[in-house]
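Student: Protein chains in written order, with this note's numbering: chain A, 2 to 88; chain B, 6 to 211.
Do not take every clue at face value.
As the list claims (entries may be wrong) - Computed from the model, here is a short list of chain A residues facing chain B with C-beta under 10 Å:
#1 Glu21
#2 Phe22
#3 Tyr24
#4 Leu25
#5 Thr26
#6 Arg32
#7 Leu33
#8 Leu59
#9 Gln62
#10 Ser63
#11 Ala66
#12 Val69
For the record, the hints were derived by calculation from the structure and aren't laboratory data. Beta carbons: idealized from backbone N, C-alpha and C, even for Gly.
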Amino acid sequence: MPTLLQPTKGAEKILCALGEFDYLTAEQITRLCYAPSSVSFVKKKLRLLVAAKFVLALPRQSVTAPTVYTLTGKGRAVAETLALSHA
Amino acid sequence: MPRRVKPTEEEKKAGNLFFLRHTIAVTDVLIAARLLTQRVPGLVLNRMYLERELKRKIYVQIPVSMNNGKTERRTVCLEPDAAVDFIMQGKWQEFFHIEVYRTHLREYCFKQKITGYAAYAASAIHQELFQTPALAIAVLCSSSDLAATLKRWTEEVLQEGQQPELGERFFFTSVNPAAVSPEELYLAPVWEQAFSTTKTPLLVLE
């Protein structure tokens, strides 16, 4: 089983955005923090954050509905530390 | 103190499709506000309030007609979906409570909310809570029919309450905030105020 090394590295903006807004889609995170072409990067980072249990991917209610992401308690603690360090 | 989040709590929310879709729609309005102030020089997003920060915060007294023909005053809680507070060129301030409607709702409930907002606008409560006299209510609807209905109900409430002057505080649109640019949502004439059919921007940059 591969081990995730520093899953939050390069994902600070994503964690901060989720800390601020609570519930976001990958498309919204991209719009908020990155260029529109970065949506694949954002989805990849989100997958790593979900695997490392910093972020929860809420189950989709239909195939057309986008996945909505929110922080776990562990992710929220990191987001709050990041927010304080940027304050 | 970090907020503790249990996966099961979040999964319950995920099971509420209405809750999630509504939250995502409200967030689109807030993201547009944030992006707008990054793009327009001199426009600052002074404060932004999420729904959780506005819950059980605004209480107003409204008149309620009783079955016996008398009118009593009742305390109601206004819970906007969000709020944004802009400062323009360091001189002007605009404060909007955001209301997002994706589905049709009961006339009585909406009219009671508008009665609450009218009482709120006529009182000192807003100034005390948010430290600004600037106040408007931006109502975003999922269709032009719904926007027209909610605008008409607002006008009826203000007319019955003999407060038509408050009409300029209520803005209605059916623009989808996720589908247009922040400039189009906030600066383009895609809004209508109560008692007016003229299209107007939400923010007017002097």
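Student: Are the hints correct? Go through all of them and say.
Tutor: Here is how each hint holds up against the structure:
1. Glu21: At 8 Å from the nearest chain B Cβ, A:Glu21 passes the 10 Å test, so the hint holds.
2. Phe22: Where the cut-off is 10 Å and the nearest Cβ of chain B is about 5 Å from A:Phe22, the hint holds.
3. Tyr24: It holds, given that the least Cβ distance between A:Tyr24 and chain B is near 5 Å, below 10 Å.
4. Leu25: holds (6 Å)
5. Thr26: holds (6 Å)
6. Arg32: holds (6 Å)
7. Leu33: holds (5 Å)
8. Leu59: Because about 3 Å separates A:Leu59 from the closest Cβ in chain B, which is inside the 10 Å limit, the hint holds.
9. Gln62: holds (5 Å)
10. Ser63: holds (8 Å)
11. Ala66: holds (8 Å)
12. Val69: With a closest approach of 5 Å, the A:Val69 hint holds.
Comparing the model with each numbered hint stated earlier shows that all of them hold.
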